[in-house]
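A.B. asks: In case you want the letters, here they are:
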Amino acid sequence: MTAERIDDFPTRQIDGYRVRQGRPFPHGATLVPGGVNFSVFSDGATSMALVLFDRGADEPATELPFPPEYRIGSVFTMTVFGLDLENLEYGFRADGPFDPARGYRFDARAILADPYALLLSGRDTWGVMPDWTRPYQYRAMIAPGDFDWEEDAPLRTPTEGLVIYETHVRGFTRHPSSGVSAPGTYAGLREKIPYLRELGVNCVELMPIFEFDEFDNSRVNPDTGERLHNYWGYNTVGFFAPKAGYAATGPYGMQADEFKALVKDLHRAGIEVLLDVVFNHTAEGNEYGPTISFKGLDNATYYMLTPEGYYYNFSGTGNTVNCNHPVVRDFVLTCLRHWVAEYHVDGFRFDLAAILDRGPDGSPLPNPPLLEQLAYDPILRHSKLIAEAWDAGGLYQVGHFPNYGRWSEWNGKYRDVLRRFIKGDEGTVGELAARIAGSPDLYGGRGPAASVNFVTAHDGFTLNDLVSYNDKHNEANGEGNGDGANDNNSWNCGAEGLTSDPEIGALRMRQMKNALAILLTSQGVPMLLAGDEVGRTQLGNNNTYCQDNELSWFDWTLVESNAELLRFTQRLIGFRRDHPILREARHPIGVDFSEVGLPDVSWHGVRPWEPDWSPGSRLLAVMRCGRNAAGEKDHVYVAMNSHWEGHDLELPELSGGVWRIFADTGAATPSDIYEPGTEPVLAHPRRHHIAPRSVVILTGSHD
Amino acid sequence: MTVNVTAHTSGGVTTARIEGEITSTTASGVQERLLSLLGGAGRLLIDFSGVSYISSAGLRMLLILYRRAEQAGTGIALGGLSNEVQFVMSATGFLGFFEITDDLESETGRVRP
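Note that the protein sequences, when read in sequence, are chains A and B. The numbers in numbering that gives the first Met the number 0 rise by one with no breaks, and the one at position 649 of the first sequence is 648. The numbers in numbering that gives the first Met the number 0 rise by one with no breaks, and the one at position 40 of the second sequence is 39.
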């Protein structure tokens with residue numbers, strides 16, 4: 000049988016280009032034998048043209064109007080033969096009414112990017128000032144799509160077994176100290192995989208890597224006069240395209256290959272890849288923003304509009320994507336499937352995810368169809384789905400985000416209470432207990448995997464700044480310190496910012512260790528902010544979205560200078576790996592499920608079995624009992640003292656074996672922590688002194 | 000835009016020297032020519048020292064060639080790559096599939112059938 004198809008041949012010529020009626024699915028540009036099939040949806044367009052450019056040319060090479068009979072439903076479709084795929088940039092020109100009150104904002108002057116564009120050119124190298132006079136700034140390109148994955152597939156690590164490491168592709172290796180061959184790129188991150196392995200994390204969560212424009216920030220640094228960037232990239236231009244400026248090979252149009260090579264090698268190292276995705280808004284802003292794509296194709300479909308035709312702004316950035324419109328649902332679903340099927344990513348963290356359960360008029364839906372669809376989709380079936388369960392419109396859903404048994408959440412309440420406890424606030428011990436047990440009060444029936452626990456994230460203070468600053472210091476952002484959160488629950492330990500006082504320095508180190516020790520022994524999924532393991536500082540800036548400089552970049556000299564904290568973190572991660580009782584799939588409830596003679600979780604105070612739940616209490620100990628991977632009895636006891644006094648702890652009796660000390664943040668290094676498996680026996684079998692503001696971790700196994 | 004492939008065999012090693020640019024318009028011709036050399040006696044050494052530019056389509060052609068060689072139970076080695084091409088191949092993970100040689104002279108003697 001011949002490999003040819005009977006529709007492999009053009010049926011007519013338009014402007015010298017051989018074309019035929021295309022196929023409406025899939026949307027976007029798809030390679031077909033001898034040509035490319037283009038398909039674009041627009042409900043309100045009266046006419047549509049395919050605009051073709053030679054790569055980099057200012058003016059189009061041609062415009063091919065879609066003949067009326069090339070429209071099926073509201074989809075314009077055409078196959079064009081004989082194109083030079085590597086040197087082709089394409090877009091659409093849609094004509095239709097400009098009638099904002101009815102939701103229409105057609106503008107026949109604009110060339111529109113394909114919402115399904117697999118690659119976008121125009122920002123090929125990070126930070127190269129664009130020529131704003133050029134028509135069509137972000138240009139859709141064809142991607143070959145082939146890649147030799149060999150046997151790679153998403154890893155399917157159980158969610159409760161993850162240790163997530165949140166990082167920024169550029170920031171991770173852009174600093175001159177990184178020592179990689181291509182700083183600030185996917186390839187640079189790939190070169191640092193040995194560091195991630197040594198640290199022990201098994202999942203990286205990448206801040207947005209969908210194509211965005213780092214130049215969509217017009218502010219300047221008031222001190223230096225330097226133009227600020229959109230460094231974080233929570234402002235998507237192309238949802239299907241990996242950011243070219245993060246690829247060393249962006250100028251060659253090979254960003255897709257470079258990103259795939261990164262995913263493949265991370266998987267080989269046993270490390271999953273989660274993408275931070277931003278479906279709540281786009282880079283098109285409100286009525287004053289640019290027309291890039293959706294706005295000119297089908298404004299009323301893609302955006303939530305007020306009855307007067309203005310943009311709802313639940314995202315705080317100008318517009319709100321109309322996520323539960325059936326067409327938009329399909330777009331989001333297709334996009335996520337693309338990243339899983341084409342790029343093998345392991346899951347997603349959804350920025351301002353509460354917007355995903357709002358209906359077209361902005362009101363929260365009881366059974367939001369998009370979230371349900373994502374939860375049950377065959378391709379996404381084993382992908383991690385993590386919600387930032389709030390939005391900028393006042394919807395706060397931590398603990399009750401519609402989850403269909405699938406969704407996890409960034410547990411903002413975990414962060415808040417852990418911070419308050421560590422700095423010594425009263426009235427926190429009761430809630431702390433619930434949080435370190437995996438927040439059964441919030442996630443009962445869903446298991447600890449629903450709770451992504453964290454102390455710090457990209458948004459807010461770093462861990463070092465959390466213990467070094469009482470207040471944010473965001474002057475460099477050019478908004479008179481008016482941006483960023485004010486409720487940080489931070490404490491500077493006695494001096495604001497950098498200090499040479501050794502006592503304050505020692506206390507800060509201990510406080511950082513305390514936070515990490517509690518985080519990495521809590522039930523749920525711990526998430527670390529990249530650089531916290533080496534005490535990275537942003538000099539008190541808690542909103543570095545615009546700071547493409549040393550404030551944000553990972554300074555690799557800290558790996559040497561802060562080796563003490565790095566070692567502490569590595570060993571905690573190793574301890575978590577070695578003790579399955581810290582990462583069980585179900586919440587501990589105080590029952591002896593494993594038949595070890597003690598309940599799976601129990602609470603203690605200065606005396607065993609006598610926790611102090613009073614508002615003035617600043618000391619709590621928790622004991623987990625169960626079995627290790629070999630089926631042997633295992634015990635982990637964690638005492639947390641946020642009091643400025645030390646206490647003599649009386650320890651609970653083991654159901655066999657003796658207590659060994661794994662970590663004591665009150666002890667000087669190297670006695671602050673031991674290599675898992677080499678913990679020494681306690682000097683006194685049933686007593687231990689816990690120092691002021693310290694955490695002690697003990698382990699007892701069968702011996 | 001033209002590209003030329005010349006080949007010679009000595010000591011059981013076929014060396015193919017490419018001159019010109021390998022792009023989406025020239026890649027398929029180069030591929031055809033190199034494939035015809037794969038079936039010959041022993042391994043194929045491809046000399047890139049005369050290649051001024053290689054695009055994404057050119058690199059993809061090399062990967063296809065690699066897989067074809069593997070299917071045919073033989074191997075290919077690349078020589079004379081510019082630093083830039085080597086960097087692009089490294090950043091995209093393509094480099095890992097190939098045997099790379101810096102010294103074409105001695106390689107011709109070393110690569111055995």
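For the record, the hints were derived by calculation from the structure and aren't laboratory data. Mixed in with the good hints, there may be bad ones.
For lysine to any residue, the following SDA-like pairs were computed, each having C-alpha atoms within a straight-line distance of at most 20 Å [what the hints assert, rightly or not]:
| # | chain 1 | residue 1 | chain 2 | residue 2 |
| --- | --- | --- | --- | --- |
| 1 | A | Lys422 | A | Ala374 |
| 2 | A | Lys412 | A | Gly398 |
| 3 | A | Lys191 | B | Thr5 |
| 4 | A | Lys191 | A | Gly269 |
| 5 | A | Lys191 | A | Arg566 |
| 6 | A | Lys191 | B | Gly10 |
Non-contacting residues of chain B with respect to chain A, defined by C-beta distances greater than 10 Å in every case (computed) [said to hold, decoys possible]:
| # | residue |
| --- | --- |
| 7 | Thr5 |
| 8 | Thr8 |
| 9 | Ser9 |
| 10 | Leu34 |
| 11 | Leu36 |
| 12 | Arg42 |
| 13 | Gly49 |
| 14 | Ser54 |
| 15 | Ser55 |
| 16 | Ala56 |
| 17 | Leu58 |
| 18 | Arg67 |
| 19 | Thr73 |
| 20 | Ser89 |
| 21 | Gly92 |
| 22 | Asp101 |
One side only, chain B facing chain A, incomplete, derived with CB under 8 Å [to be verified]:
| # | residue |
| --- | --- |
| 23 | Ser23 |
| 24 | Thr24 |
| 25 | Arg59 |
| 26 | Leu62 |
| 27 | Thr91 |
| 28 | Ile99 |
Cβ coordinates follow ideal geometry from the N, Cα and C atoms, glycine included.
A.B. asks: Provide an ascending list of the numbers of those earlier hints which the structure does not satisfy.
C.D. replies: 1, 3, 6, 14, 15, 16, 17, 20, 21 and 28
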